[in-house]
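Residue numbers (UniProt numbering), protein chains in the order written: chain A, 1 to 477; chain B, 1 to 477.
Think of the hints as simulated: they come from the structure by calculation, not from any bench.
It should be emphasised that the depicted structure is a prediction, and the values quoted were computed from it without experimental measurement.
Some clues are possibly wrong.
What the hints assert, rightly or not - What the simulated footprint calls covered on chain B by chain A, stretch by stretch (three residues with Cβ under 8 angstroms from a Cβ of chain A suffice, anywhere in the stretch; the number is not a length): (1) 8–20; (2) 181–187.
Stated by the list, open to error - A few chain A positions that, by computed beta-carbon distances, are all more than 12 angstroms from chain B: (3) A6; (4) E103; (5) K218; (6) E291; (7) E306; (8) A320; (9) A389.
Unchecked claim - Heads up, simulated EDC-like pairs for lysine to aspartate or glutamate below, C-alpha to C-alpha not over 16 angstroms straight-line: (10) K156/A x E290/B; (11) K239/B x D351/B; (12) K218/A x E290/B; (13) K244/A x E24/B; (14) K239/A x E401/B; (15) K244/A x E401/B; (16) K440/B x D447/A; (17) K362/B x E401/B; (18) K244/B x E103/A; (19) K212/B x D447/A.
Ideal Cβ positions, reconstructed from N, Cα and C, are used throughout, including at glycine.
2 protein chains.
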Amino acid sequence: MISTTAIEHLKEKLGAQNVLYEKEDLLVLGYDSTPGVHHLPEVVVYPTSTEQVLAAMEIAQREGLPIVPRGSGTGLSGGSVPVQGGMVICLTRMNRILEIDEENLTATVEAGVVTLDLFNAVAAKGLFYPPDPGSQKISTLGGNVMENAGGLRGLKYGVTRDYVMALKCVLPDGSILTTGGKSVKDVAGYNFKDLLCGSEGTLGIITEITVKLIPPPKDKRTFLAYFNDMRTAGEAVSKIIAAKIIPSTMEIMDKATINCVEDYVKIGLPRQMAALLLIEVDGHPAMVAEEAEAVEKILREVNAAEVHVAKTAEEAASLAAARRTALSALARVSPTTLLEDATVPRSRLADTFDEIERLTEKYQLKVGTFGHAGDGNLHPTVLCDERNADEMQRAHAFYNELYEKVLAWGGTVSGEHGIGLAKKEYLARQIGPGGVAVMKRIKQSFDPKGLLNPGKIFDEGDPCSKPHVEEGFRVSH
Amino acid sequence: MISTTAIEHLKEKLGAQNVLYEKEDLLVLGYDSTPGVHHLPEVVVYPTSTEQVLAAMEIAQREGLPIVPRGSGTGLSGGSVPVQGGMVICLTRMNRILEIDEENLTATVEAGVVTLDLFNAVAAKGLFYPPDPGSQKISTLGGNVMENAGGLRGLKYGVTRDYVMALKCVLPDGSILTTGGKSVKDVAGYNFKDLLCGSEGTLGIITEITVKLIPPPKDKRTFLAYFNDMRTAGEAVSKIIAAKIIPSTMEIMDKATINCVEDYVKIGLPRQMAALLLIEVDGHPAMVAEEAEAVEKILREVNAAEVHVAKTAEEAASLAAARRTALSALARVSPTTLLEDATVPRSRLADTFDEIERLTEKYQLKVGTFGHAGDGNLHPTVLCDERNADEMQRAHAFYNELYEKVLAWGGTVSGEHGIGLAKKEYLARQIGPGGVAVMKRIKQSFDPKGLLNPGKIFDEGDPCSKPHVEEGFRVSH
C-alpha cells in the first residue's frame, strides 16, 4: 500500500491535480485495449515534465512500488496494465510538440503527443512522419516508441524505430539518459535508442522523442482488389514484391472482416468476396503511374475477381479509413475479441492463410483475419465470449497451433503489438531460453529492483506470470 | 600465456591449418587500419563455422584469455587490435554467401563475406544492397555490422543497421543467440539485433547475418560542383536538403584532399578549388531528371564556381572511385594520418567547416577534410608524423577543441567509425557518466568476465585505457 506521506510528496512535486488515488478515479487506468487483463493501480500520476517523471520515479522507488508507464492505453498486449498495482505514470499531459526543425528534417515531441497530431503538424510544413499505427488518432508517440508500433505504411516506410533519432529517458536508477541526436549517423557507444525502442516500458520511461521526417510522396494511387479465396490474395502480394514493386500499403481483410467493416461503415464493400487487398503505391507521379500499371497487371494475372481504382483522394482516404476500423468493427459482434499478431516471411503468406482456415474449422471458431499483408503481419482475430470456458480453450489451442507453424516458418509471435502480458508464454519458444536469459540480465542491469513495469515480457520464474484479473471489471468494446 | 594444451585443443577443434601461434604469423594480426595502436596476440584462429567460433570461445574462456574478433582489419578506431594480447578470432574464412532469397528480398551470409562481393552477388540477381563503406572492397559484413558501418550512400539509403534483419551470434557464456529473422516486422522481446549492431565486438561474435535487399534505383545522375570556399559548399548541402531533395550521395573534399586525390588518381580535378561536392541523385528516371534540375539550380544560386555533370556511367563511376581513394591519397603524403569522424546535424555543416579552418590555423597543422557532407559526417584528417611529439600534441588539441564544438552543436564523436580505442576519452563527454554506467552494466550482463574485446569503448576505471604500443611496429599506409 502506498503511504499517505508518499501521496503528499507526489502532490507536492507534481501538483494535487496531477495525482489521483481515489478508487473511482483509478478505475479507468486499470486496463489498456487488451481484453481479459485489468488490475487497479494504487495511484496514478500525470507528470507535465521530465523532472516530474523523475520525482515520481524516485518516490515509487523509495516506497518499493511497481511503476507502470502508459500513454492513451491503446496497447494490444497488456503492456500498460498495472498487474501488480502500484503507480501508473500517465504521460498524456506531456503533449507538446517542442520543435519542428525544417533544416534538419526532425521533430522533437514530448512522449504524450498523439501520433496523428504530429503527423498533421509536420504535414502543415510540407513534411511527412510515416508511422501510422491503426490507433494513430489516440495513441501517443511515447507508446509508439515503447511498443515500436507499426502501421499501414510499414511496408515501404518502416516502423516507429526507423524514425526515432533521439530519446530522453528516465531510468529506474534515477538518472536521465539522453541518447541519439539530430545527427543522422551516430555510433558512439551502445545503441540504447534502439534497445529502448520496443522495450515495452520495462527499462525506462521515455519523456521526449526526436523523430526523423522525410519529404512526402508527391502522388499516390489506391486500389481495392477482391478475391475468391485468401490464398490468391497472398499470391498477389508475393508476386508484387517479387516484381520489385514496394507499395506503401498492402492490407488484407478476409470475408468475416469485410462483412463486419461493411456493417460498421457502409461504403459498399461486396459481402460475398473471400478477400480484399487494399494497395497503395506512392512516390513520383511517373513512378506511381508505372507501378500502378504493373500492380494492376499482376492482379489480373492472378485472377483477382475485381480490381477497383480509387477515383479521388477522398475515396482513397475513405478506403484506408475503412481498413482502420477493422478491429473495432470485429469487436462489435462478440463480447470478447482476441486479436493476434502473427508475422511470417512474405513468402509464407499464402500458407499462413491456409493454416488459419484449417484451424478455424478444426477448432470451430469464428475468426476474422486482417492485417498488413505486405509485411507478412496478420491479425487473426477470434470472436468469442470469455464466459464460455470451452470456447476460450479452443481459441487458445487455435493460437497455439498457429504459432507453432509461424515459428517453424521463421516468423515471429509479434510483429507490432509487443509481448506484454499476452504473449509471454510464446516468447521463450521463439527466442529460446538462452535469449530470455540475456533479456533478463539486460532488464536487471537497468532495473535491479525489478519495479519498472513488472510482470511484463518475461514469464518463467516470474511471480507475476499470470495476470491478476479483478472481479467486476470487463473490457468493453 | 596460452598453454600448449589449449593450442592442441584449438588445433583439434579447428584444424591445425586454422590455428597460428608463431610470432612471425602473428605480426600482421596485431593491428587494424588505425594508426598508432598495435599489439601482438598470442594465438590467431580462423574458424570456418559457428561451431568452431564457439569452440574457440570456450577454450579462451577456460584459459582466461582475452578474445578479439576481427574481419579484414579495415577498422579506423582500433576496435580489432588485441591490446591485451590473447586470442584473435579472424572470421575471413567464413566467407560463404549462404542464400539470396528473391521472394523475401533477403540475403544470408557468413560474417567473413566481403561487402562488395555481396553487393555484386545480389546485383547479379537484379537486387541492391546499399551500404557501401569506403573499404567495401576488403571489409567484411561481420565487421560492418560490429561497427555499424556507413558509406557514401548513407544519406538516402541509411547505414548497415538499417539492413540487418537477423544475426547469429556466439555469446561469451557459450550460447548461440539467433535474433531477428526474415519477417520484416518483429517486436518479440528486446531488440538484440540493433544492440549487437555497433557493439564493436564487445558483446558477442557475429557469425551469420541476414540482410534486407531492395530493388535498385532505375536511373542516376552524378554531378561534381566546385566551390571557392568550404562554407558555400556546406550551404549548398543544407539548401538541397531543405528543398526536400534527398540525394543518394553528397560527398565533400577540401582543397588538400582534392590535390592529394588528383596526385593519386590523375583524373583532372582542378587543384585551385577550395571545395568539391560529389552529388548523386537516383531513382525513377523522371524523378532523377527533376531532382537533377533542382540540384543544378541550387548549385548555381549559391554561386558554385563550376558544375560538371558526368556524361557517362563510366565517368560517374570513376568520380565515385576517386572519392573512395581520399583516405589512401591523404595517407601517402605523411608518415601518420589521424583520421576523425566528427558528425553534426546538417544545419551545422557550414559552421563546422569554419571551425576546422580556424583550428587548422590555430594549431598550425596540415589538415585534409573529406566526408559524407549530406550526413553531416566529416573526416578531418591531420597529416602528421607520430615521431614529432609537439605536432602530435597540437593534433590532439585540435581534435579536442573541435569535439567540444561538435558536442555543443548536438553532434557526435563518431558517425561511423566507432569508439574502439581511439575515442574512449570522448565518449563520456558525449553520453555522460550515467550513460557510460548503463553501458558497463550491459557489457557485464553479456560478458561477466570481461574477456571479450577488453579495453575497447570504455575508459574510466579500465586497466587497459591506454593502448599498449609495441616497439618496432609501424602502421604503413
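Do the hints match the structure? See the list:
Counting residues of the region 8–20 of chain B whose CB lies closer than 8 angstroms to any CB of chain A gives 0, which falls below the minimum of 3, so the coverage claim is violated. Here's how the region 181–187 of chain B fares: 7 of its residues keep a CB closer than 8 angstroms to some CB of chain A, so the rule of at least three is met and the hint holds. Every CB of chain B lies more than 12 angstroms from the CB of A6/A, the least distance being 25 angstroms, so the non-interface label holds. Not every beta carbon of chain B lies more than 12 angstroms from that of E103/A, the smallest distance being close to 4 angstroms; the non-interface claim is violated.
The Cβ of K218/A does not lie farther than 12 angstroms from every Cβ of chain B; its closest approach is about 9 angstroms, which violates its non-interface assignment. The claim that E291/A lies off the interface is violated: its Cβ sits roughly 9 angstroms from the closest Cβ of chain B, which falls inside the 12 angstroms cut-off. The non-interface label for E306/A is consistent with chain B: the shortest C-beta to C-beta separation is roughly 26 angstroms, beyond 12 angstroms. The beta carbon of A320/A sits about 19 angstroms from the closest Cβ of chain B, which is more than 12 angstroms, so the claim that it is off the interface holds.
Every CB of chain B is more than 12 angstroms from the CB of A389/A (nearest about 28 angstroms), matching its label as outside the interface. For the proposed pair K156/A and E290/B, the alpha carbon gap of about 22 angstroms is over 16 angstroms, so the pair is violated. A hinted pair counts as satisfied when its Cα atoms are at most 16 angstroms apart, and K239/B with D351/B qualifies at roughly 15 angstroms. The hinted pair formed by K218/A and E290/B meets the criterion: a straight-line CA distance of about 12 angstroms does not exceed 16 angstroms.
For a cut-off of 16 angstroms, the pair hint linking K244/A to E24/B is broken: about 51 angstroms separates their Cα positions. A C-alpha spacing of about 55 angstroms is found between K239/A and E401/B, which places the hinted pair above 16 angstroms, so the restraint is violated. Between the alpha carbons of K244/A and E401/B the distance comes to roughly 48 angstroms, so the proposed pair goes past 16 angstroms and is violated. Of the pairs offered as hints, the one joining K440/B and D447/A holds, with about 14 angstroms between alpha carbons and a cut-off of 16 angstroms not exceeded.
Annotation: proposed proximity of K362/B to E401/B holds, straight-line Cα distance about 11 angstroms (limit 16 angstroms). Between K244/B and E103/A the alpha-carbon distance is near 10 angstroms, which keeps this suggested pair within the 16 angstroms criterion. Taking the CA atoms of K212/B and D447/A, the gap is about 34 angstroms. The hint is violated against a cut of 16 angstroms.
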